[in-house]
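Trainee: Throw the hints in and build the complete structure from the sequences for me.
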Amino acid sequence: MQDLLLKLLPNLMVRIPEFIDSIIDTLKMVAISGGFVFLFGILIGVTLIVTRDGGILEQRAVFQAFDKLINIFRSVPFVILISLLLPLTRLIVHTSIGVKGAIVPLVIGTVPFFARQVEAALSEIDKGVIEAAKAMGMGPVTIIFKIYLREGIPALARATTITAINLLGLTAMAGAVGAGGLGDFAIRYGHNRYMTDITWVTTIVLILFVCVIQVAGNFIAKRSTH
Amino acid sequence: MIMETIIEFQNLKKKFETKDHVVEAVRDVSLRIQRGEIYGIIGFSGAGKSTLVRCINMLEKPSSGKVIVDGVELSALGEKALRHERKKIGMIFQQFNLMPSRTVFDNVALALHGSGLSKEKTEKKVEQLLEYVGLSERANSYPSQLSGGQKQRVAIARALANDPKVLLCDEATSALDPQTTRAILELLRRLNKELGITVVVITHEMNVIKRICDHVAVMENGEVVEEGDVFSVFASPQKQITKDFINITSNLTEIYDLVERKDPIVDLQSGEVLAMLKFRNATVSEPLISSVSKEFDVVCNILFGDLDIISGAPIGGTVVIFGGEEEKVTSALNHLTDKGISVEVIRDARSASKIIA
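Going down the list, the sequences are from chains B and W. All residue numbers for the first sequence refer to the numbering used here, where the first residue is -10 and numbers rise by one. All residue numbers for the second sequence refer to the numbering used here, where the first residue is -16 and numbers rise by one.
It should be emphasised that the hints constitute simulated quantities derived from the structure, not laboratory data. Hints are all accurate, no fakes.
Listed next, the in silico EDC-like pairs over lysine to aspartate or glutamate satisfying Cα-Cα at most 16 angstroms (straight line): (1) W:44 <-> B:120; (2) B:135 <-> W:89; (3) B:135 <-> B:120; (4) W:-2 <-> W:11; (5) W:261 <-> W:291; (6) W:44 <-> B:47; (7) W:2 <-> B:42; (8) W:70 <-> B:120; (9) B:135 <-> B:115; (10) B:116 <-> W:43.
With the C-beta cut set under 10 angstroms, the calculated list includes, among others, these residues of chain B facing chain W: (11) 116; (12) 117; (13) 118; (14) 123; (15) 124; (16) 125; (17) 128; (18) 131; (19) 136; (20) 143.
Interface residues of chain W toward chain B, partial, derived using beta-carbon atoms under 8 angstroms: (21) 40; (22) 74; (23) 82; (24) 83; (25) 94; (26) 125.
We put the CB at the ideal spot given by N, CA and C, even for glycine.
Mentor: If you want it as structure tokens, here you go:
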């Protein structure tokens, strides 16, 4: 078995500890930036929903500001965003490389995408349900927590799944500019040094991650749909 | 019973402004709704009735004018005070608007959120409410597992949770089949009688008005064009739109189609008269047709009948072919007119010289 693996994956087998470290780095990047993205994305997505025309806290100026900001950030390619954000990254985490250095661009690059997803997810909620809540005498805060974020769970689960998979892809890209993780591992050995076995295995691991995220997301969405 | 106003509109106006034009959904409506009654507002879609009813709980803010509910001018309140007042006004909707992710029980319990009731008291209250609307055994079902009528019952239980004084029904039966509609209307009448809740019903179906309402307002183009107690409005509608609504619910007007199509059923023998009789007062309790038939020795062939009991008094009409000796037919028709029946001769096969209309 050992021999077979050594024969099939000669370059990987001698770098197992490094490989495991890069898997852990990737998971860290996804988990930490994912947490921030989820928080800020929900916050901004809810802000968009409640401040838009006909929303429960209609505020045209606020809506327009967030709407435009999202559009601007979404139109900057991620690789360029990383370099644009270097000064900010250094300011916040005092480094621009490694897992820490990757968090800031990953969060800022993904929040606008997720906020849009949240907005779309929450706008699926029947307007009549919101009207009924208002008629019951509920205030905006109660409506956000008891209706939007509760009735929106299935759609939010789907949005989170898509965003998490997206984020995983971006960590690989961040890897290319010094963030570490599986992307970095694959590029450093697989691409730059023609160690194709490393490229293949890294890809398979990433596919597995995507599958796990998708299955978990589907499960939550299904469980919360009645 | 002492009449006491519970809902009052004073010169209410509501405009919707879009980029290119202004829509006046409600133009200058002044109305009073009495405590404890069932008040119907009828109109075709776009007449402004839904907007008007939404002005009662300020889901739509009036452009001008006042709304006073139970002595409080809602149109002058701030958001927080308004939310407090809204708890005293229940509302149900055409599409039920239940929360799909919550069970029947939780849907009703949600209305008690922030009411300060303990968990046990909330549970007890929800159970009582579900019992009242006859859905106790479905407490753990989700809305998607219920029929339309059951969903509306849950919505009613939810609307009653905060012991409201007023229940607003926005086309509450329009998405339901006739049998379910009847059951829901029965429930509305029951809660009106038993709990003393004033019910405001918005509908485009005259049958709903006929079945449960005490007073009715007819709306057209954002205005109330006719208003009064249901019996008088049915007995002598003033405006064309009111007549249209009444005609829709009655099958009497079908006779005109039959005459138009020259259906064999309206072919008359010589000397016969086809007439529509309309009853406008309580005389219908007398066996008029039968007594006319005996007294004047005429044959009465009833083609259609459409009689209804509205607010406890009969109203409606019949389409009859009268046959027999011409003079007798004529006297019979005159007798009916004398009795206060409106007689409309639709076709006449009496010899021309003897026609008396």
